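Asker: Given the sequences, and given the hints that come with them, work out the whole structure.
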Amino acid sequence: MRTVVCVKEVLDPDAVGAYAVSGHLEIGDDAKTLTQTTIPRLMNAYDEQAIEAALRLRDGGADTTVCAVSVGADTTATLRHAFSLGVDEVVAISPPAGVEVDCHVVAALLAAFVRDRGADLVLTGRQASDDDQGVVPALVGEALAMPVVTIARAVDVDGTKVTVTRVTPDGDEVAETELPAVVTVSSELGEPRYPNVKMKMAARKVTPEVVAPSDLSVPDGGLQPLLRLERQWVPAVAGECEILEADSAAALADLLIDRLVDDKTLQAGGGRP
Amino acid sequence: MTAPVIVCSTGTEAPEEAEATLTLGRKVAAASGTDVRWLLLGAAPDGYADVARRHGVAAVDIAGGDGIDEGDADVLVAAVARYWERSPGQVLVFAQTFSTRDIAPRVAARIGAAVVTNAVDVDAGGDAGLEVSAAAFGGDTRVLYAVTPGVACVVTLQPNAIEPTAADGTAPEPAVEKLDLDLSGVVRGVRVVEAARSDGPRLEDADVIVAGGRGLKSAENYQLVVELAALLGGMAGASRPIVDDGWIDSAHQVGLTGKITRPALYVAAGISGATQHVVGCTAAKTLVAINTDADASIFRHARYGIVGDCLEILPELIRSARDRGVRR
Ligand SMILES: Cc1cc2nc3c(=O)[nH]c(=O)nc-3n(C[C@H](O)[C@H](O)[C@H](O)COP(=O)(O)OP(=O)(O)OC[C@H]3O[C@@H](n4cnc5c(N)ncnc54)[C@H](O)[C@@H]3O)c2cc1C
Ligand SMILES: Nc1ncnc2c1ncn2[C@@H]1O[C@H](COP(=O)(O)O)[C@@H](O)[C@H]1O
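Chains A and B, in that order, are what the protein sequence lines are.
The numbering of the first sequence is the numbering used here, which starts it at 1 and goes up by one.
The numbering of the second sequence is the numbering used here, which starts it at 274 and goes up by one.
Honestly, the hints are just simulated from the structure, not real lab data.
Because the structure is a prediction, the values reported are computed rather than measured.
Don't take each hint at face value.
To be verified - Within a straight-line C-alpha distance of at most 30 Å, the following computed DSSO-like cross-link-like pairs (lysine-lysine) qualify:
1. 32(A) <-> 490(B)
2. 558(B) <-> 490(B)
3. 558(B) <-> 264(A)
Claimed, not checked - Looking from chain A toward chain B, a few residues come up when the C-beta cut is under 7 Å (computed):
4. 13
5. 80
6. 131
7. 138
8. 142
9. 171
10. 173
11. 188
Said to hold, decoys possible - Some chain B residues well away from chain A (every beta-carbon gap over 10 Å; in silico):
12. 439
13. 523
14. 561
The C-beta atom is built at its ideal place from N, Cα and C for all residues, glycine as well.
Answerer: Spelled out as structure tokens, the structure:
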């Protein structure tokens with residue numbers, strides 16, 4: 001069996017958040033690109049968990065190879081990280097020249113890669129922490145007419161059947177489908193493993209295979225973006241916080257309860273036991 | 274006339290969120306000189322005709338039947354795609370829920386449309402054509418996407434992004450049609466072998482939420498949050514790291530990848546206020562923050578703030594609330 005894990009390189013969302021909150025997020029002259037070179041680039045955390053899900057299947061005895069694939073201009077560092085975690089094969093798909101790639105183009109490229117090279121199981125993150133869209137896996141599944149099962153806490157394969165424990169707002173749901181299938185992985189899967197030193201060293205010497213769009217059987221029109229990013233900005237937060245002050249924790253607590261009763265958020269009752 | 278705006282409700286959204294999508298739909302339709310059609314999947318909600326009239330909806334289309342009523346994603350995707358074949362639009366708006374997040378991109382793929390999730394607004398009619406604003410980086414930034422001219426767009430509207438408002442004046446009675454979409458050939462590729470058990474009340478519906486984060490220091494201390502929540506007649510919430518660490522199960526997680534809540538009172542204890550958390554509680558009427566760090570981001574969103582140790586404040590709040598018998 002062959003498992004393909006789709007991994008995206010993103011700007012560290014915590015660093016972006018820290019700059020945004022402090023009012024120091026730099027946006028380039030094009031009014032949309034985040035230009036701070038001090039923001040680290042790393043593998044989308046959910047994609048690390050998707051790799052972890054694949055490795056757990058392999059560790060658990062599934063006879064599968066694991067291939068990590070990424071669409072992007074320079075994804076070498078992210079793919080080396082994937083290799084250090086223990087995947088067998090790393091592939092970089094370069095974006096089409098002169099096109100501002102959107103989620104539809106990324107999905108078309110990933111789907112073509114899977115169609116051409118084959119996969120029984122396609123694992124992805126539930127969403128990328130930069131655009132938060134969570135649409136690429138569904139677009140890939142539709143392009144390949146594969147079932148799509150989202151937000152996995154656990155993924156199990158038995159023969160041609162895949163069983164997914166999904167984290168839903170109403171609690172866990174267990175769903176089954178036949179391979180080939182697309183499954184998106186959530187943080188509830190648990191901590192991904194750390195690479196050991198030996199694997200880290202080995203990964204440094206690995207050069208990902210580079211695949212050009214022209215090497216792939218992308219259907220006509222598949223490389224035409226449907227969306228163009230026009231602008232990006234930091235939304236204003238209207239802060240109007242009253243900081244309560246008092247001498248002791250007890251007095252602060254009483255003051256807060258007073259405020260909440262005064263503004264009718266809470267009601268003073270008859271002194272329940 | 275341009276193709277209409279289609280607003281689709283699946284019954285998984287809160288009524289006010291359905292109204293928010295109709296409000297947005299009306300705005301987009303007015304800007305591009307067209308109508309709103311409201312597609313209801315599954316049983317039509319009570320009072321839908323009044324809601325439709327209030328929002329100046331031109332036509333209500335109701336589709337139900339096997340698979341649609343159970344909310345089977347494969348069937349819903351096929352149903353919307355089939356509907357679109359008979360009655361294409363320029364924009365298809367869903368209220369964003371766990372379920373519509375799955376359906377929207379698949380529908381987009383089937384009908385050859387673009388898709389944007391986490392949308393906060395849509396503009397049409399200007400020189401730029403169709404433009405969708407959305408939250409990115411968990412809400413730390415906003416992005417504006419232009420849709421390629423001639424391409425339709427499927428949008429899921431983020432909860433609390435738009436205040437629902439009724440249309441001005443009186444609208445004519447909308448035409449209501451019960452549709453018979455032939456879905457007999459649809460393959461249901463995914464089988465649910467164990468359904469989720471929603472045990473008890475949902476955080477989304479809670480009037481009071483007391484939430485804790487890493488500042489609580491240990492799983493035992495989370496009991497303070499649970500106790501205060503119970504005392505105020507509310508529920509306990511959590512930030513993601515403490516869910517990840519197993520202090521409490523993920524049904525209590527508030528935020529981008531947890532629950533989007535709208536309580537009257539939200540108390541955030543030992544929570545830094547990362548946007549990925551805050552998007553789940555900014556709709557609270559009154560937000561209280563307790564944090565040792567006066568510069569913590571949560572204070573930017575709070576109505577009342579206490580700069581202090583939540584391990585000292587929470588027990589005193591429990592005492593004070595109990596002494597005075599306060600409730601919501
Ligand atoms: C794609 C993505 C999705 C995410 N989804 C979510 C989500 O749905 N929900 C969510 O919550 N997070 C989510 N996160 C994580 C989010 O970015 C933050 O990391 C997280 O919310 C931080 O949790 P925290 O505030 O509990 O912890 P921390 O950021 O560690 O903050 C702890 C706070 O406690 C304060 N503190 C310490 N000691 C005390 C004390 N004794 N008394 C009072 N205060 C104290 C500190 O000053 C600090 O502000 C997501 C992240 C990403 C990238
Ligand atoms: N450029 C990319 N290269 C590889 N995989 C991607 C890329 N973009 C998105 N994905 C995959 O699709 C998931 C959801 O991404 P998104 O729809 O952008 O939120 C990610 O977690 C990845 O697994």
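Asker: Work down the list of hints and note, for each, if the structure agrees.
Answerer: For each hint, the structure was consulted:
1. 32(A) <-> 490(B): At roughly 39 Å apart (the allowed maximum being 30 Å), residue 490(B) and residue 32(A) break the hint.
2. 558(B) <-> 490(B): 27 Å, holds
3. 558(B) <-> 264(A): At roughly 11 Å apart (the allowed maximum being 30 Å), residue 264(A) and residue 558(B) satisfy the hint.
4. 13: 6 Å, holds
5. 80: Because about 25 Å separates residue 80(A) from the closest Cβ in chain B, which is outside the 7 Å limit, the hint is violated.
6. 131: The hint holds - residue 131(A) has a Cβ within 7 Å of chain B, the shortest such distance being about 5 Å.
7. 138: 4 Å, holds
8. 142: Constraint on residue 142(A) satisfied, holds at 3 Å.
9. 171: 4 Å, holds
10. 173: 4 Å, holds
11. 188: Nearest chain B Cβ about 6 Å off; hint holds.
12. 439: 25 Å, holds
13. 523: 6 Å, violated
14. 561: Per Cβ check, residue 561(B) is inside 10 Å of chain A; nearest 7 Å; violated.
Checked against the numbered hints above, the structure violates hints 1, 5, 13 and 14; every other hint is satisfied.
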